[in-house]
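S.K.: The chain contents come next:
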Amino acid sequence: MNIEMGIRWMELFNEEIQNEKNYLTQLDTPIGDSDHGNNMSRGMAHVVKAIEEQKPETLNELLKLITTNLLSKVGGASGPLYGSAFMGMMKAETAGEEWAKILKTGLENIQKRGKAEQGDKTMVDVWIAVVEAVENGELTHELIDEAVEATKPLKAKKGRASYVGDRSIGHIDPGAYSSGLLFHTMLRAETE
Amino acid sequence: MEKTGIIIVSHVYEIAEGIHRLIKEVAADVDVQVVGGVDIKEIGTSFDTALAAINNSSAKNLLAFYDLGSAKMNLEMAMEMSDKTVKIYDVPVVEGSYTAAALLQAGVNQENIEEQLEEMHNVK
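Here the protein sequences come in this chain order: A and B.
Each step along the first sequence adds one to the number in numbering that gives the first Met the number 0, with nothing skipped, and position 71 is 70.
Each step along the second sequence adds one to the number in numbering that gives the first Met the number 0, with nothing skipped, and position 67 is 66.
Each hint should be verified, as a subset may be incorrect.
[Stated by the list, open to error] For lysine-lysine, the following DSSO-like pairs were computed, each having C-alpha atoms within a straight-line distance of at most 30 Å:
#: 1; chain 1: A; residue 1: 90; chain 2: B; residue 2: 59
#: 2; chain 1: B; residue 1: 2; chain 2: A; residue 2: 157
#: 3; chain 1: B; residue 1: 59; chain 2: A; residue 2: 111
#: 4; chain 1: A; residue 1: 63; chain 2: B; residue 2: 86
#: 5; chain 1: A; residue 1: 111; chain 2: B; residue 2: 86
#: 6; chain 1: A; residue 1: 111; chain 2: A; residue 2: 90
#: 7; chain 1: B; residue 1: 2; chain 2: B; residue 2: 86
Since the hints were derived computationally from the structure, they do not count as laboratory data.
Looking at chain B on its own, in the form it has when it is part of the complex (with noise of 0.2 Å):
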């Protein structure tokens, strides 16, 4: 099976490290790449930057999440200048990767990690 890892990109550093620390917990052999912020500690995001997450990960099959709509766009354009296969996932960044991350680490495959994925989609 072809290696899978993730992506993860935040406005902030904090909040992508924060994540971050959170996945390992549960998910040590995973290949995460984060990225938070611009120019280290400015909030924001960037093509640059998404582009070269997907770049530095081991993986050639990524799962990538994010906070908000222009760290979308900009993860959107990135993969579109990548070979590798990325796919972008609308759901809550910090439970969306989490799950993925521990189901991945449990070598749970992409089609069963989707389907949890999308439970997420339900507002109760």
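Just chain A, with the same shape it has in the complex (with noise of 0.2 Å):
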């Protein structure tokens, strides 16, 4: 990962949030609150126009950047919770870490946050199984989509989907969703 690479994933994962919008909001509404969609899209979109507006310059202007917008912008549980991921991102990338430490730091960070565990039907879920892919140089984008699936059988234990209980299993959980395009737009950015 360089900046390059950092500011051409996030025009992609905003492409991808801005035409799955409505998917993700469909997504929340049997097991949520209907807010995915336009959380991710709204704050994406500012931190699409910030980095046109600041014009980063390094990997970690760039975290900085994209930690502020998403802790700000998207609101809900989301909005700490990737805002939590990038800050922890932002500081092992200040550590010299290599790019799986920081993805794990970030996953941390989210767990810190939320306290969800794996098989708890959340993005940590994802998190867990692409930071793992990472460590191992195994990351594809099939992994990503089963990581994504695997999510539907399960019964939430975290987050606004805890409240429906057995009703959560069968849905693909939003923020794992939201995660998968995170994780195929970063590989795509660092490949093509």
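Since each chain sits alone in its own frame, please combine them into the complex, following the hints.
M.R.: Below you can see the structure in the form of structure tokens.
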């Protein structure tokens, strides 16, 4: 990962979020509060606008800009969760860590904030699978899809979906889906 | 003794305002900052408004209450960004904030307030 790839990553992620906005909201309707599409759409629009205006020159500047905008503009639970992730990544980048370790620190910060474990049917399930794959140099689009799809049969233990208990079974978790988009576009930015 | 205030973060403007009205009945002199919803009347919570509530309080020591999980997460992020001492209580938002405010008004210290809040954890 470098600054050019990072900017490309955010542009691609924004495109996907805007394209899939209605689907994200649809996923969030039976098991959440129907705001995930709008929240992510608003947040990513601000991230891309801030990149254009502030023209970050280093990966660290970019991660800081992403953190601030997601934290302030996304709202709901996704704002502090994605904001925490990028804040952790920024700090790990400052410490000179490798990209796999940077992503892992992002995951740890999400878990610190949201207290979710593997199998709770949240974005954490996708982050755990991706971090492990990146550590082993085995990240593929199929692996990301499988991790997202794997949240479907689970019963939600965290977040708004946990209030509906068994009724959450059979639905893909919206945060897992948006995290899937985040990592699909990361992979595309790194390889295309 | 350092001045202690109260912060309440709710997803809904009317809930926050309603609790505020209720509390003022028993704690006219306590600094109570409430946040309800986002962008005035949309449902939700945000980091920015939680931080603003903490900063707007005249108190340096704050007892914080919230309604649903994402309000707590935004409060946690905000308290990490602030120099003030903020403690979040996982208790029913109306009873918890009402009890804390009434006790603060009566000059009760934080330790004794926490003893009363602790009892609210019990499910009978």
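S.K.: Each hint needs a verdict: does it hold in this structure or not?
M.R.: Cross-check of the supplied hints:
no., hint, result
1, A:90 - B:59, "holds, 28 Å"
2, B:2 - A:157, "violated, 35 Å"
3, B:59 - A:111, "holds, 25 Å"
4, A:63 - B:86, "holds, 27 Å"
5, A:111 - B:86, "holds, 17 Å"
6, A:111 - A:90, "holds, 15 Å"
7, B:2 - B:86, "holds, 14 Å"
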